Amino acid sequence: MAFSHYPEPLARLIQEFTRLPGVGPKTAQRLAFFVLRMEERDVMALASALADAKRKIGRCSVCFNLADAEPCHICRDARRDRGVICVVEEANDLVAMEKTRTYNGLYHVLEGALSPLEGVGPEALRLAGLLKRVKEGGVREVILATNPTVEGEATAMYIARLLRPLNVKTTRIARGVPVGGDLEYADEVTLARALEGRREM
Amino acid sequence: MGNYKVEGIVLRARDFGEADRVLTILDRRLGKLEAVAKGIRRPRSSLRGACQPFSQCVFLLWRGRTLDGISQAEVVRSHARLRDDLLLLAVASYIVELADEALRERDPSPEAYELILGLFDWLETAEPSLETAHHVLRTFELGLLELSGFSPSLEACATCGRPEEAGPQAGRLAFSASAGGLICASCRQAADSSGLILLAPGTVKAMRFLSRASPQQARALRLTPQAAKEMGAALRSHILYHFDRRPKSLDFLDTVLGR
Ligand SMILES: [Zn+2]
Ligand SMILES: [Zn+2]
Chain A
27 MAFSHYPEPL
37 ARLIQEFTRL
47 PGVGPKTAQR
57 LAFFVLRMEE
67 RDVMALASAL
77 ADAKRKIGRC
87 SVCFNLADAE
97 PCHICRDARR
107 DRGVICVVEE
117 ANDLVAMEKT
127 RTYNGLYHVL
137 EGALSPLEGV
147 GPEALRLAGL
157 LKRVKEGGVR
167 EVILATNPTV
177 EGEATAMYIA
187 RLLRPLNVKT
197 TRIARGVPVG
207 GDLEYADEVT
217 LARALEGRRE
227 M
Chain B
5 MGNYKVEGIV
15 LRARDFGEAD
25 RVLTILDRRL
35 GKLEAVAKGI
45 RRPRSSLRGA
55 CQPFSQCVFL
65 LWRGRTLDGI
75 SQAEVVRSHA
85 RLRDDLLLLA
95 VASYIVELAD
105 EALRERDPSP
115 EAYELILGLF
125 DWLETAEPSL
135 ETAHHVLRTF
145 ELGLLELSGF
155 SPSLEACATC
165 GRPEEAGPQA
175 GRLAFSASAG
185 GLICASCRQA
195 ADSSGLILLA
205 PGTVKAMRFL
215 SRASPQQARA
225 LRLTPQAAKE
235 MGAALRSHIL
245 YHFDRRPKSL
255 DFLDTVLGR
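For the record, the sequence lines run as chains A and B. Take any residue in the first sequence, note its place counting from 1, add 26, and you have its number in my numbering. Take any residue in the second sequence, note its place counting from 1, add 4, and you have its number in my numbering.
In isolation and in its complexed conformation, chain B is listed as follows (with noise of 0.2 Å):
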């Protein structure tokens, strides 16, 4: 009844009539919601500074028919620096896309919640370079596609279910978005072979590790420059062939990042 208080970040805010915004809001508990900003675009308007995007904050929500209402909000981190680099934004930009894509609204996802606030603050306290914007890129696009249920297959052929060595022995595996991740040998010469990606073991070990990693973990390990580049192609196909549209982020992504 009445009021409630979420604590969430800004996945974004999209301009609603004259004066307002509505806010898509990543809840800890309730999962995404939106909620409506009124009177925001105001000069005098006090949520002004909370209400922007990539910004963890504590609402205040009033019950509204259709839509909830936003009464007060104040700022817990407001990651200011995501706004403030082109680089920082192009990737800050691209997860919350493919964030307020993947997850269900008022479908509660604590998981979702700490990846993106874990690679939010690793975003504003590492040096901005093209080598953390990828890292950060892999572990996201792994975390969001595990917690989804989207994720490829890492550990076994996506065909015939055959597991896949991924020893320091084993040679390069073929991974396949259409198949659904790696497919074997075998299943391979079945399979149109047009559009595999080959990944180095190393990069196959990698993957499943950032799959399941906490942002924290996913930092502290060394990802060669090979594993970066294998990982985000693979990925990359993953992800246009799973999901529904083309993430409108990724020109400006790409831009950016110089591809």
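With the rest of the complex left out, here is chain A (with noise of 0.2 Å):
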């Protein structure tokens, strides 16, 4: 046991801790003074934010967001446009989507991106729930937001070969350069895609 000779309730603290994502030994130690010094209530109240975090937060059946009702929020709201579908490949890319508060349509997200080099293929991702949804009918376009990475393009072109028998739009989100980024230091590849994406003014 690495922090053994701490008391054992806090020597189990910082080894909890150090389950967080980069969170090493040492942040971890930190953490837990921290919580020492803490109020209890202020110590309660995040310990049942996390349990009930952790209970009550699921994947929306219809479009695997992260949810605490079935189904999201989103696929309730009567006000969004169902005929299209925007797809990401993880939850928090869904709320950067809807932070833009440009789009009205419905999500589907994933949970994950093809990676032929990791081993990740077609089945470990939501793409039956995606068919299914677009085969029912109702949908006139579905617009592939995965990231412009490799896995992210794999992805795309996957699910774009996948609906092409369904005679559904298909769009893939424009690429281009980083508004506050510098046509200077944007790479050939990058710039060559905005390029192909230019509009008339």
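Fair warning: there could be bad hints in the mix.
Said to hold, decoys possible - Simulated restraints on C-beta separations:
1. A/R108 with B/R249: 39 to 47 Å
2. A/L92 with B/V80: 39 to 47 Å
3. A/A186 with B/R250: 26 to 34 Å
4. B/P114 with A/R108: 55 to 63 Å
5. B/R249 with A/A186: 28 to 36 Å
6. A/D107 with B/P114: 55 to 63 Å
7. A/A186 with B/N7: 39 to 47 Å
8. B/R216 with A/T53: 50 to 58 Å
9. B/F20 with A/E137: 16 to 24 Å
10. B/N7 with A/R67: 53 to 61 Å
11. A/R127 with B/R250: 40 to 48 Å
12. B/R249 with A/Q41: 30 to 38 Å
13. A/E137 with B/R263: 20 to 28 Å
Hints are computed from structural coordinates only; laboratory data are not their basis. On a predicted model such as this, the values are computed, not experimentally measured, just so you know. Beta carbons are placed, not taken as given, at the ideal position from N, Cα and C, and that holds for glycine.
From the two separate chains plus the hints, produce the assembled complex.
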């Protein structure tokens, strides 16, 4: 036991903190000491928030978004356009999309991306659910908003191929130079893509 | 001391920490090496495009305590098409995975570098088709096996060393992954015959040729569908038998190839 020179409950807390991403032993110790100095009711609030989040948050059975209700608040929302589905890799990509406040359709969260090199194949993604939604009808357009990485592009190409026989309009989000970026520092590939995706002004 | 320059092919890129990525680069002179691209996952990073898998780049590296880092990168050939087509992506992924597995770190292999670069150029310039994919895959497998010392025995019986004829009047030859290549009629009787793959003499001759051919020479060879198919079966069993683990990219490759 690495933290055995501490009293057992403290050692255990430190050990548990090291499970978090990006938290090494040093940070874990700092966090644990901070918890000891906190008010008891704040510690209880933190503990119950952790337990609640884990217990109450699940995946929406329609779009696989993280949700505390079934279906999720987006799938339930009658004001949203049910004819458009935006496909994203992870739930946090959906949040990023929502923050733009320009999209009013539904989503589909894949919970990952195809990665030939890591052995992540189509069966690991939520593709059956997407196909089912499109086959049920009423969907005019599927927007592929996977990341512009090798994995994201492969996923988009794969889904486009799956959807082809279903006769639904399938689009890919444009890729280009980031806002606040500098043309001089943009790589050749990004610049070429930006040029391809140019629009008339 | 200080910085040094490498010209290499990015074999793979894996996320590291919050914003970094570790690249496996195959350099012409130094062989396979790893280097960290700090901050590359931030949108403003100037390294982003250069550090994509399959691209050929010039990198300026700084020496780190455990891992060297990339300070500058310039794309020589981006091979963007290999990332923009499912079939080409599947083939290129298999190529880099097997190369990464077979080559040792910092062990120079200019032959492997030329082989992979030549095959990437071939994939990019040919019309993407299943025939081309199989032709490139077989050329790669035979070339890589040859230069990494895992080559199957194609000139003589793998068990007793008796030369194996592949002339026009020769009958079909038997290939055994567990024996390590061709196996003659008398050794075949002693051995377990369950995993035997029969090859036409023409297939064996094409395999011998592709083992030592440059990508340019390999491309000029007319590979019959039968030879491609037999060779594919023999090499698949040979690779699965002699490598420590099943290549992760194999299932995706088979899906795309429609197997
Ligand atoms: Zn939902
Ligand atoms: Zn023999």
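Comparing the hints with the structure gives:
Roughly 45 Å separates the CB atoms of A/R108 and B/R249, a value that falls within the hinted 39 to 47 Å. Hint check: A/L92 to B/V80, Cβ distance near 43 Å, so the stated range 39 to 47 Å holds. Look at A/A186 against B/R250: about 28 Å separates their beta carbons, and that is inside 26 to 34 Å. Here the CB-CB span from B/P114 to A/R108 is close to 58 Å, well matched to the stated 55 to 63 Å.
A hinted range of 28 to 36 Å holds for the C-beta pair B/R249 and A/A186, which are about 31 Å apart. A hinted range of 55 to 63 Å for the beta carbons of A/D107 and B/P114 is consistent with their spacing of about 57 Å. Take A/A186 and B/N7: their Cβ atoms lie about 43 Å apart, and the range 39 to 47 Å holds. Hint check: B/R216 to A/T53, Cβ distance near 55 Å, so the stated range 50 to 58 Å holds.
Between B/F20 and A/E137, the C-beta spacing of about 22 Å keeps the proposed range 16 to 24 Å intact. Distance hint for B/N7 and A/R67: a CB-CB separation of about 55 Å, consistent with the stated range 53 to 61 Å. At roughly 47 Å, the beta-carbon separation of A/R127 and B/R250 lies within the given 40 to 48 Å, and the hint holds. Hint check: B/R249 to A/Q41, Cβ distance near 32 Å, so the stated range 30 to 38 Å holds.
The beta-carbon spacing between A/E137 and B/R263, approximately 27 Å, falls within the hinted interval of 20 to 28 Å.
Of the numbered hints stated above, none is contradicted by the structure.
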